[in-house]
Amino acid sequence: MLFLILSAILGPAESRRLIERLRARDAAALGELYDCYGAVVYAIILRIARDRATAEDLTQEVFLRVWNRIPTFDAERGSLSTWLLTIARHSAIDFLRSRGGKQERLNVSIDAMERPLAGGNAETELQTAGDAKRVRAAMDRLEPKHRQLLELAYFDGLSQSEMAEKLELPLGTVKTWVRSALRQLRENLQQPSGVNA
Amino acid sequence: MTCEELRDEYELFALGLSEGAERRELESHLERRCPVCTPGVAAAMHTVAALALLAEPQPLPARLRKRLMAALGVDSPSWFSWPMLIPAALALAGLLLWVQARAGWQAAERALASSRAQVEQQAKELGQLRPVLAFLNQPGTKLVNFGAGPTGSILVNAREGVLLMASNLPALPAGRTYQMWLIPKGGAPQSAGLFQAAANGTALHARPGLVPAETSAVAISVEPEAGSTAPTTTPILVAPVTGF
Ligand SMILES: [Zn+2]
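Protein chains in written order, with the numbering used here: chain A, 1 to 197; chain B, 1 to 244.
Treat the hints as calculated values from the structure; they're not laboratory data. Note that this is a predicted model, so its numbers are computed, not measured. Glycine is no exception: its CB is placed at the ideal position from the N, C-alpha and C atoms. There may be inaccurate statements among the hints.
Unchecked claim - With the Cβ distance kept under 8 Å, some of the chain A side facing chain B (calculated, not the full set):
{"#": "1", "residue": "Arg47"}
{"#": "2", "residue": "Trp67"}
{"#": "3", "residue": "Ser79"}
{"#": "4", "residue": "Pro144"}
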């Protein structure tokens, strides 16, 4: 039932208009963005942070961050949902790592990562319901050990050495598996989905 | 390294797993807007972002939307006024500086955002922050952070004015003061008032009123006690401001 609510469709034209309104400081536009992606943002933060109160705070923070940074977002050059979900994941993992007393952050320059990039089909907005099926199917086709690594990286923010330590595997093995997992995922996602609607 | 050799790095980079020479190499391709790697990484980020959809859908607490809209000041834009702002900004500056000292700007930004998040919940404790947050959320307010030497942030709103919050300001000899300037593109700096730093090197300075549209930077210089009509020393800070 929830998924029906989540499945708001944000086509390219709607997305562009929404971005224009956000840039014009139309607060209602942020409300609409929230209506489309709030549940996904909340779900991913909750999965990472595993605490409801924290997930609520971080969800709000993520949308305010989008609101404050929208002037740097180039509507011609990226997908708002990719940007939003990237920020959501970084906020939650940052929280996790700072709570774990780890000074070091994600092994990425957050600013660089949160800068929207041009190209590919990347300007297509994620359609929460349809894409969820597609992603789940693509993940299901991975070898379980490969899938596990991607989940540890994505949802726990573990580095390759941390995964090696946690799973008691040689670092070289983790690196090889991660690479083939990502290559396989890419291919699975590019294939026309074998999932029946 | 060639773009071809970096191909497998795109998703690793998007996941935050890229490291070492490959990561530096890819970053340099991105910096020079490599026509192969830039769209490649964008597509990889799209793929990786889609992994978010694996998280079990969760019922979204209804109050969260209300909180968000309240934090934007949508429901009550009228709290904002400069006289209210000063004590409030001092409190916020204190909060920011404390967080900043502990964990850097990202955390400061989070503290700022989460104080906004708490505005509705803890209106009593944070009530005094509301005017600053309202200012921050005024349409067109631009927040510029600066670091290295003095650190802090500048809030610029074309109709309302400029607010400076700074820390790490050097102590000044007797008879000297800090002076803030608005620097128009290609024009002479306009004085934006005098201020002193506290003993701990923090300062808060407001310059209410319209901000000329051609303003391209906010600067701080050290001047004689009575102030100057134009900067007489090299500014200790020049922060570019655009898009306010
Ligand atoms: Zn390249």
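Exercise for review: Go through the hint on proline 144(A) and say holds or violated, using the shortest Cβ distance to chain B against 8 Å.
Suggested key: This hint is violated: proline 144(A) lies away from chain B, its Cβ roughly 14 Å from the closest one there, beyond 8 Å.
Exercise for review: So, serine 79(A) near chain B? Judge it on the closest CB pair being under 8 Å.
Suggested key: holds (6 Å)
Check your understanding: If you take the shortest Cβ to Cβ gap from arginine 47(A) to chain B, is it below 8 Å?
Key -> This hint holds: arginine 47(A) lies near chain B, its Cβ roughly 4 Å from the closest one there, short of 8 Å.
**Study point:** Closest C-beta approach of tryptophan 67(A) to chain B relative to 8 Å, hint status
**Key:** holds (7 Å)
Comparing the model with each earlier hint shows a violation of hint 4 alone; every other hint is respected.
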